[in-house]
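Chains as they are written, first to last, in the working numbering: chain A, 1 to 541; chain B, 1 to 267; chain C, 1 to 312.
Some hints here could point you the wrong way.
[Stated by the list, open to error] Below, a sample of chain C positions facing chain B; criterion: calculated Cβ distance under 7 Å:
| id | residue |
| --- | --- |
| 1 | L132 |
| 2 | I135 |
| 3 | L186 |
| 4 | D245 |
| 5 | A256 |
| 6 | A259 |
| 7 | V271 |
| 8 | A289 |
| 9 | L292 |
No lab work stands behind these hints: they were computed from the structure.
Treat the numbers as computed from the prediction; the structure is a model and nothing was measured.
Think of the CB as a built atom: it goes at the ideal place given N, C-alpha and C, for glycine as much as any other residue.
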Amino acid sequence: MKPIVRVSGLAARAGESILIDGVNFEVWPGQVTALVGASGSGKTTSALALLGEHGDGVSLSGQVEVDGDVVVNSNGPTAAAAAVRGRVVAYMPQHPGSALNPARRIGTSLHELAKLHAGATRAAGEAGNASGLRGAGGVVGTIVAEALRGAQLGGDRGTLRRFPHQFSGGQRQRVALAQALVCRPRVLVLDEPSTGLDSITRLQLVSELEELAEQGLGILLLSHDLDLVRALAQHVVVLAAGRAIESGGPEILPTAPRPTGAKGTPALAEPLLQAMNLSASLRPRGRDPILREVDLAVVPGGCLGIVGRSGSGKTTLARCLAGLHERYTGRITLAGQDLPVLRKRTPEQNRRVQYVWQEVRGSFDERLPVDEQVARTAQRLRGLDRQTARAEAVSTLARLGVSAMIASRPPSRLSGGELQRAALARALLARPDVLVCDEITTALDEHGTGLVIDLLTELTAQGTALVWISHDLGLVAAVSDHVLVLDAGRVVEQGPPATVMNEPCIEVTQRLVRAARVGHEPEEPPPVLTSCADTRSEPQR
Amino acid sequence: MRARTPLVVSAALVLIPLLVALFGPLLNLDSRPGLPYESGSGHPLGTDGLGRDVLELLLVGGRTALGMALGAVAIAYLLGGVIGLVAASTRHRWIDELLIRPLDVLLPLPSLLVISVVAVGWRASPLAITLAVAMVNVPTVARLVRAAALEAASGPVVEALRMQRESWVGIHLGYVGRAVLGPVAADVGTRITLAVFLVASVNFLGLGLSPTAPDWAVSVSRNREGLLLQPWAVLAPALMLVAFTLGFNLLADRLVHRTRRLVEVDR
Amino acid sequence: MRSYAAQRAALAILQLAALSVLVFVLTALLPGDAADMRFTETLTPDQVARLREQLGLDEPAFERFTHWFGNVLSGDLGTSLISGGPVLDIVKASVGATLVLTLATLAVVIPLAVALGILMGTRENGRLDRTLTSITLGLSAIPDFVIAVVLVALFSLKLGWLPATWVGGSLLASPALLVLPVAVLLGRTVCLLSRQVRAGTINALHADYVVQARRLGVPRRRLLLRHVLPNAAVPGVQELARTGDTLLGGVLVVEAIFAIPGFATALVDGVETRDVPVVQGLTLVLAVAALLINLGADLVCNRLVPRTELLR
């Protein structure tokens, strides 16, 4: 079987600096090739070379063959590159939803692309009339319908007449995929497709890509998500600083740490933070309900994990506990005392319950240095003076691996991972009794995650209570004493992590467990249900 | 990176008319009146249609030309800024609507016509003209400030500050205030230029100040028949006006480019 | 289902109602009234008072407003206090010249500005772009009356190529008369409009969806026409609505300099003589026109780049 794409000795230079050098890989029909590496390692540059595309001032060299045509040679991109775009190689950028033209109905875009590329095939020739959609209408229509099916979107007329802003975020990703598929490419390039996806959606992505590969499409996957790569790829090339340091099958990747339900000490003490019959809504007077009758409790030194898909209400729950979300009914107490919304809390209550943001780059003032903003917590909530607060901020940041020099810069000069850790430090400086962490390890690599977990383990040992929110059941199970599974605003299952991971009762939990295991081991038969104690908060729907 | 006019040139273009307007009246030239449209003989820039020394008029005419415009812009920002900030930071939606909707009504009206009507109505009252120019600009400024403040106030930064128990002043005047300064700075240039145009046009048409006033725009209007005889009577005040607006445009353009580049670097 | 067009039209109606009240209030605030302005030196105070009564100026404000508004809705814009004839006649007599000027300017401005804007935008930061940007930046800084004075002096007085003032008859009949006024009106509007089109073009060219379309193989020409242009047009259309504002200002200056008896001049004359019905009537007509232009611009923009809710 011949490879559709063959890349050898690909290099890209921008003036003096070398972006990539000596990169080799191939893409075979029906198989997945993955380029793995951290951001900045040259994956996108290598992939774009397949289209003959390069950044401003960048020169390409090497040998890139696509479907028999030489697209890049030692002098850079050739004339054949333009013909390859879309027709043979379709590229999907990292945030495909924003690559849709807001002024055009998706049907129009799809038809345009289909017509453009179908014109090259025999089918359009048969239709005869080259002008207008009428002659080739039937053929183009079929192509469009096929593409929509491939992207798992409904193909009815109503859908085709809608504009991009009328779709949800997730659906926009699919529309973008349909646009790529409608060109009938032989190779699909996906740039970081699992960014921002929760674990269950990522599971779906895996099965969709497997289906596409089965139809004969060659897939080039660019990702730093090792689980995804392990689950999909037959060929792997590891890039670091622009050079291919290893290539082979998926076995060359480091083995995945298995999530275990290590902790599981039962809670015996008095609950510190409790929520009773908590129902929250987005609009006044209970419209748009997002949480329904949630009960939870966390003890000093304990860690409560809350898991669920995007949209299940996890963040709203966290914000209610933090006092930021005000439209709720029910009761929240701290050490037995009523805990009102943030506006009405006493300074002491404010200090005792702290929240760490999920969307981190938006929660720091762009104009002030990070260490000052972190220190401000201690000044405002513990009455420390400026110097002492600053010193404490710097040392906490250092514990989390953010050096003093980096911390003295404004937020725009810190990486996503460093900023996330700074957000944690900012909350910690209040010496809270309860810390609510919302997806705080999403932007961190393994090293950063390790540092965070170490620090938090130390804190729980000292008596701080932790509420850990995530879509990743594996991670939650590894750090919590007790796990709550949230679906559509209700608690559908709860228990010690070992039980939830190994004996999930509800379908949602089962899917979360499977999603957590993506890339870790081959598909297991569903776990045998031994005993399913009714730990749900209300009758199963 | 496109070559931009050096900062020195833009600054000079703005400062010269400004300084002339501010300090000109202090210089007492004490020149004797001459023949209409005469050049030379003790008048460096000649005389105007009434025989008055052009240079002397130039020194005195900037106060009204620039003063009214700058005053109007200051008032517009003060009023519009407060309205915009209050509308953005209130928790009650109806206050926001109450403040902003009425301003929408004023938006479609063409400004020069409104000013002219006011100017004619309250003849020769610089105060009325200044206030009218200010009012015409208030809706746009209020919307601008409100939009910038809303974006800042509804983001997670404010929530994080509240979590730190930051004071109301610290949040609204500190953080939100700083966030608003950017768009305002970008807007100032255009607004001042427009205000100068409006005031100058009104004065040129003789609808505001008296026709014998030394104001730069009035001079241009009054002396235009003598343009070919004694060009300086028209050109001198015209150049002052153009220098000011051109310099401001260049400075404003430079500022817009600087802020845009900063944003791009962040990404 | 409330569509964008319906919401926008409703807003326009509200604005119109509010504007009528505002116009009325403003004119009521004018110091002095028509009776004061006329014959004050020759009449005794008693006679002035009777004149006022005759003109209906002593009725309470609210009644006057309802009378007036009722008449407007049935097509009667009132009677001029000075000439005694219907305001509508004044509108008909003066609006023609102003319309000709405005439309002639727009006919030149729009294609010119769009062409320039796209030219500059597609060659961003190239030599042509830099030169044109400098020129437009410079030109937009010069007030229209300065341009007018200079052009008249040059082309009329010195070179004698073009007439300097209107001498009677229809404007359309003597196109040479239109050249200078339109040139003056062109000056700033072309600069502002082309810069907006340029900005829109640049944004659209760098947009993610254009990059993606190019990557999926859409050829450059089609890309420009079908993908870039509609989105690039949006800031241009919005600016066009604002151009209405600039043009109306320019028209006033131009009418004054070239002695063309247009709409703007009639309005200012009305204010000068405190001919309140004329001021009210003409301002209302103007307000309606401005509202319609804005409404049109918003609807066009919504058609180009659809939104679901009312833009605030």
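Consistency of the hints with the structure:
no., hint, result
1, L132, "violated, 12 Å"
2, I135, "violated, 12 Å"
3, L186, "violated, 16 Å"
4, D245, "holds, 5 Å"
5, A256, "holds, 5 Å"
6, A259, "violated, 13 Å"
7, V271, "holds, 4 Å"
8, A289, "violated, 9 Å"
9, L292, "violated, 9 Å"
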